[in-house]
Amino acid sequence: AQTVTQSQPEMSVQEAETVTLSCTYDTSENNYYLFWYKQPPSRQMILVIRQEAYKQQNATENRFSVNFQKAAKSFSLKISDSQLGDTAMYFCAFPYSGAGSYQLTFGKGTKLSVIP
Amino acid sequence: NAGVMQNPRHLVRRRGQEARLRCSPMKGHSHVYWYRQLPEEGLKFMVYLQKENIIDESGMPKERFSAEFPKEGPSILRIQQVVRGDSAAYFCASSPRTDGNTIYFGEGSWLTVV
Numbered sequence: 788a789q790t791v792t793q794s795q796p797e798m799s800v801q802e803a804e805t806v807t808l809s810c811t812y813d814t815s816e817n818n819y820y821l822f823w824y825k826q827p828p829s830r831q832m833i834l835v836i837r838q839e840a841y842k843q844q845n846a847t848e849n850r851f852s853v854n855f856q857k858a859a860k861s862f863s864l865k866i867s868d869s870q871l872g873d874t875a876m877y878f879c880a881f882p883y884s885g886a887g888s889y890q891l892t893f894g895k896g897t898k899l900s901v902i903p
Numbered sequence: 003n004a005g006v007m008q009n010p011r012h013l014v015r016r017r018g019q020e021a022r023l024r025c026s027p028m029k030g031h032s033h034v035y036w037y038r039q040l041p042e043e044g045l046k047f048m049v050y051l052q053k054e055n056i057i058d059e060s061g062m063p064k065e066r067f068s069a070e071f072p073k074e075g076p077s078i079l080r081i082q083q084v085v086r087g088d089s090a091a092y093f094c095a096s097s098p099r100t101d102g103n104t105i106y107f108g109e110g111s112w113l114t115v116v
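Protein chains in written order, with our numbering: chain L, 788 to 903; chain W, 3 to 116.
A few of these clues could be false.
Calculated lysine-lysine pairs in the DSSO-like style (CA-CA distance at most 27 Å, straight line) [what the hints assert, rightly or not]:
no.	chain 1	residue 1	chain 2	residue 2
1	W	Lys53	L	Lys895
2	L	Lys857	L	Lys842
3	L	Lys842	L	Lys860
4	L	Lys865	W	Lys64
5	W	Lys29	W	Lys64
6	L	Lys865	L	Lys895
7	L	Lys857	W	Lys29
8	W	Lys64	W	Lys53
9	L	Lys865	L	Lys898
10	W	Lys64	L	Lys895
11	W	Lys73	L	Lys898
12	L	Lys842	L	Lys895
13	L	Lys898	L	Lys860
14	W	Lys73	W	Lys53
15	W	Lys46	W	Lys29
16	L	Lys860	W	Lys53
17	L	Lys857	L	Lys898
18	W	Lys29	W	Lys73
By construction, these hints were calculated from the structure, which means they are not laboratory data.
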């Protein structure tokens, strides 16, 4: 079974500062994707960034970047120049693709508060 | 290009009634997923469907819950005889293929059972 662990239930950061959210996972697969989703107070699930495991280069999307360490099964999200609109729940997700299905396993989330 | 459309956004049902949640996938997407989010938790997979077929329902409760994705029309998640524990946000997602590279979520449907 796949597991995804987010060890930080809550975090806060000052506006314009940098914050890193951690995520570890467990899998026996070799090729896969990893995702970070943001869920703001509106509760919509928004894809922030995704990483392909076979790519050594860490993914970057504007102020969002990941630190992907495949051997350690670690997939952290770094948010630079934090903005008030970044306040949200952040979920790390890992796909399971067994038995002809494709489903995402989510961590329990990290509640990020950006302080003005 | 409309995204994944879910309705209703909010639904209130009394215990014992039925709840029907609808999901229209993005244009060109033939794969639909339903997830449930209980308060203070992450999303949990329920069921994966392709047109007219249930591929994986391993996350769906065995009783009272059913899902369909007909040849024409939206996917439907049906909950019969709702109980208070069914109160949750139900998210639909769609993708054009099974490799998981492109999965898009709808805005969710919030079910409240009173």
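Now for the hints, and whether the structure bears them out:
1. This hinted pair does not check out: Lys53/W and Lys895/L have alpha carbons roughly 31 Å apart, beyond 27 Å.
2. Taken as a hint, the Lys857/L and Lys842/L pair is honoured in the structure, with Cα atoms around 10 Å apart against an allowance of 27 Å.
3. Distance hint between Lys842/L and Lys860/L is fulfilled; the C-alpha atoms sit about 14 Å from each other, no more than 27 Å.
4. A C-alpha spacing of about 40 Å is found between Lys865/L and Lys64/W, which places the hinted pair above 27 Å, so the restraint is violated.
5. A C-alpha spacing of about 31 Å is found between Lys29/W and Lys64/W, which places the hinted pair above 27 Å, so the restraint is violated.
6. For the hint pairing Lys865/L with Lys895/L, the CA-to-CA distance comes to about 18 Å; that is within 27 Å, so the pair holds.
7. The hinted pair formed by Lys857/L and Lys29/W fails the criterion: a straight-line CA distance of about 34 Å is larger than 27 Å.
8. The straight-line distance between the Cα atoms of Lys64/W and Lys53/W is roughly 21 Å, inside the 27 Å bound, and the hint therefore holds.
9. Among the hinted pairs, Lys865/L with Lys898/L is consistent with the structure: their alpha-carbon atoms are about 14 Å apart, no more than 27 Å.
10. With a CA separation close to 24 Å, the supplied pair Lys64/W and Lys895/L stays within the 27 Å bound.
11. Note on Lys73/W and Lys898/L: the hinted pairing is violated, with a Cα-Cα distance of about 40 Å set against a maximum of 27 Å.
12. Of the supplied pair hints, the one linking Lys842/L and Lys895/L holds, its CA atoms being roughly 26 Å apart against a limit of 27 Å.
13. The straight-line distance between the Cα atoms of Lys898/L and Lys860/L is roughly 22 Å, inside the 27 Å bound, and the hint therefore holds.
14. In summary, the hint linking Lys73/W to Lys53/W is supported, as the alpha carbons are separated by about 6 Å, within the 27 Å threshold.
15. Using a Cα cut-off of 27 Å, the hinted pair Lys46/W and Lys29/W holds, with the two alpha carbons roughly 25 Å apart.
16. With a C-alpha separation of about 35 Å, the suggested pair Lys860/L and Lys53/W falls outside the 27 Å cut-off, and the hint is violated.
17. The suggested pairing of Lys857/L with Lys898/L holds, with an alpha-carbon distance near 25 Å, which does not exceed 27 Å.
18. Between Lys29/W and Lys73/W the CA atoms are separated by roughly 14 Å; this keeps the pair inside 27 Å, and the hint holds.
Checked against the numbered hints above, the structure violates hints 1, 4, 5, 7, 11, 16; every other hint is satisfied.
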